[in-house]
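Using the sequences plus the hints, can you model the full thing?
Residue numbers are given in the working numbering: position 326 of the sequence shown equals residue 471, and the series is strictly consecutive.
In case anyone wonders, no lab produced these hints; they're calculated from the structure.
Small disclaimer: the values here were computed from a predicted structure and weren't measured.
A hint or two may mislead.
Stated by the list, open to error - In silico DSS-like pairs for lysine-lysine, Cα to Cα no more than 27 Å straight-line: (1) K472 / K383; (2) K546 / K486; (3) K486 / K186; (4) K269 / K366; (5) K472 / K269; (6) K472 / K448; (7) K546 / K412; (8) K412 / K486; (9) K201 / K244; (10) K448 / K366; (11) K486 / K472; (12) K186 / K546; (13) K244 / K269; (14) K383 / K448; (15) K472 / K366; (16) K412 / K472; (17) K244 / K333; (18) K201 / K186; (19) K333 / K269.
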Amino acid sequence: MPLDQALFDRLAAIVGTNACISDAAAMAPYLHEERGLYHGKAALVVRPGSTAEVAKLVRACVAAGIPIIPQGGNTGLCGGAAAGEDASEVILNLGRMNKVRSFDPTNFTMTVEAGCILADIQAKAAAEDCLFPLSLAAEGSCQIGGNLATNAGGINVLRYGNARDLVLGLEVVLPDGRIWNGLRALGKDNTGYALRQLFVGAEGTLGIITAAVLKLYPRPKETATALCALTDIEAVTKLLNRARAISGDAVTAFELLPRIGIEMCVKHIAGCTDPLSEPHPWYALIEFSTSRPDSGLRATFDKLLETAFEEGIIADAVIAESLEQAKNLWRLRESLPEAQKHEGGSIKHDIAVPVSLVPEFLHRAMALITANFPGARCVPFGHVGDGNVHFNVSQPLGADKAAYLAQWGEMNRLVHDLVVSMNGSISAEHGIGRLKVEEMEHYKDPVELDLIRRIKHTFDPAYLLNPGKVVAVPLKK
Numbered sequence: 146m147p148l149d150q151a152l153f154d155r156l157a158a159i160v161g162t163n164a165c166i167s168d169a170a171a172m173a174p175y176l177h178e179e180r181g182l183y184h185g186k187a188a189l190v191v192r193p194g195s196t197a198e199v200a201k202l203v204r205a206c207v208a209a210g211i212p213i214i215p216q217g218g219n220t221g222l223c224g225g226a227a228a229g230e231d232a233s234e235v236i237l238n239l240g241r242m243n244k245v246r247s248f249d250p251t252n253f254t255m256t257v258e259a260g261c262i263l264a265d266i267q268a269k270a271a272a273e274d275c276l277f278p279l280s281l282a283a284e285g286s287c288q289i290g291g292n293l294a295t296n297a298g299g300i301n302v303l304r305y306g307n308a309r310d311l312v313l314g315l316e317v318v319l320p321d322g323r324i325w326n327g328l329r330a331l332g333k334d335n336t337g338y339a340l341r342q343l344f345v346g347a348e349g350t351l352g353i354i355t356a357a358v359l360k361l362y363p364r365p366k367e368t369a370t371a372l373c374a375l376t377d378i379e380a381v382t383k384l385l386n387r388a389r390a391i392s393g394d395a396v397t398a399f400e401l402l403p404r405i406g407i408e409m410c411v412k413h414i415a416g417c418t419d420p421l422s423e424p425h426p427w428y429a430l431i432e433f434s435t436s437r438p439d440s441g442l443r444a445t446f447d448k449l450l451e452t453a454f455e456e457g458i459i460a461d462a463v464i465a466e467s468l469e470q471a472k473n474l475w476r477l478r479e480s481l482p483e484a485q486k487h488e489g490g491s492i493k494h495d496i497a498v499p500v501s502l503v504p505e506f507l508h509r510a511m512a513l514i515t516a517n518f519p520g521a522r523c524v525p526f527g528h529v530g531d532g533n534v535h536f537n538v539s540q541p542l543g544a545d546k547a548a549y550l551a552q553w554g555e556m557n558r559l560v561h562d563l564v565v566s567m568n569g570s571i572s573a574e575h576g577i578g579r580l581k582v583e584e585m586e587h588y589k590d591p592v593e594l595d596l597i598r599r600i601k602h603t604f605d606p607a608y609l610l611n612p613g614k615v616v617a618v619p620l621k622k
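In structure tokens:
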């Protein structure tokens with residue numbers, strides 16, 4: 146149903162004319178999708194400034210039968226905030242709702258609105274000698290509402306958990322326009338179903354998150370960071386186990402990088418250098434942290450590396466001796482997705498398997514690619530400490546990018562079949578969005594799919610809230 150003038154006037158009356166964007170050029174940034182896989186259109190972009198305005202907008206759109214696309218920083222990688230192609234939907238962008246409503250250092254909580262930039266939340270926590278540990282590459286532009294809606298992961302999951310582990314309460318506008326105020330800053334609340342967990346990870350299909358109570362931690366006073374060259378891929382889990390045991394579980398991050406990834410970063414990203422004198426097939430980037438300034442963390446860290454070297458787990462290592470050196474090591478990891486763009490097309494797989502099976506998965510998956518896609522270059526990296534591997538595959542040198550990317554579905558099926566056979570997940574932290582709806586339909590247990598559809602139907606029987614994302618098929622009546 147197209148947006149008529151009467152409805153436009155009604156929406157403009159709610160948020161103000163300046164917060165209603167209908168010009169095609171002005172709407173373009175809200176239609177951009179990070180990977181360029183979707184090129185949608187929208188009837189209108191609205192930018193509410195309060196939860197009350199969100200509720201009024203939802204009621205008006207639902208009454209008119211207009212679909213709504215909730216949107217945060219629009220940095221997602223699965224098209225979860227992408228509009229369709231028929232210009233029938235209203236994008237509801239939450240960027241104006243960016244206030245910190247309260248900060249409680251004694252309770253270690255912060256209440257923020259959905260449009261707050263993740264990096265700004267981190268900075269606010271740090272200014273109060275606290276830590277908000279969610280950290281990912283897009284933190285300078287992604288918004289906390291989207292982080293929660295996709296259950297974002299990032300580099301600190303091993304120590305602190307996913308986004309759903311970092312939220313105590315939510316405020317949500319439901320698909321009928323009602324407001325659920327669940328902003329309780331409680332570590333324990335056993336009064337019925339944990340409703341907030343329905344909305345975290347639902348990608349805006351069950352409700353629009355407008356505010357959240359976030360869980361904070363004491364700010365680390367000491368960190369230790371090193372890039373370790375592994376003797377082989379089997380060594381990665383051995384090193385992780387040694388690190389967790391020797392540190393008393395002070396491992397904040399444990400990231401895997403392949404040699405080809407280091408080479409791509411050095412070649413394409415300014416400021417990236419190879420920190421070791423000789424090349425090695427695999428590397429682990431390890432970080433310990435503690436809030437105790439007199440913990441002896443560095444001595445423990447040195448002991449780990451000495452032991453790992455003596456046991457033949459690592460062949461070499463470089464330890465960051467300053468904050469700047471630590472940033473340089475992290476730049477190699479954080480720049481890898483950008484470096485891959487310079488190498489042509491890349492087919493992505495955001496998968497997870499049990500940590501103990503990561504080496505086996507990599508052997509088998511790389512063998513599958515070599516056998517079925519000659520010349521394709523495997524660039525697996527990521528949060529191996531929690532079993533999440535970004536199994537990216539760059540096009541063969543000199544290949545046609547479009548022709549290569551046309552094999553996306555075929556390659557996904559091979560890799561995802563392997564992942565599922567190993568009791569893994571086809572989406573570890575990026576969500577389902579539009580990109581993986583068919584894959585989820587293919588792999589999910591029928592009972593599980595039925596439950597998902599029933600939950601969607603209960604909350605949004607008209608299927609107007611972020612349609613086509615996560616849930617592909619309406620519940621059969």
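Cross-check of the supplied hints:
1. K472 / K383: holds, 25 Å
2. K546 / K486: Holds: K546 and K486 sit about 11 Å apart, inside 27 Å.
3. K486 / K186: At roughly 25 Å apart (the allowed maximum being 27 Å), K186 and K486 satisfy the hint.
4. K269 / K366: With a Cα-Cα distance of about 17 Å, the restraint between K269 and K366 holds, given a limit of 27 Å.
5. K472 / K269: This hinted pair holds, its Cα atoms lying about 21 Å apart.
6. K472 / K448: holds, 22 Å
7. K546 / K412: holds, 20 Å
8. K412 / K486: holds, 12 Å
9. K201 / K244: OK: K201 and K244 at ~20 Å, within 27 Å.
10. K448 / K366: holds, 20 Å
11. K486 / K472: holds, 22 Å
12. K186 / K546: holds, 25 Å
13. K244 / K269: The hint holds at about 11 Å.
14. K383 / K448: holds, 15 Å
15. K472 / K366: holds, 16 Å
16. K412 / K472: holds, 18 Å
17. K244 / K333: Holds, because 26 Å separates the two Cα atoms, which is no more than 27 Å.
18. K201 / K186: holds, 23 Å
19. K333 / K269: holds, 25 Å
Checked against the numbered hints above, the structure violates none of them.
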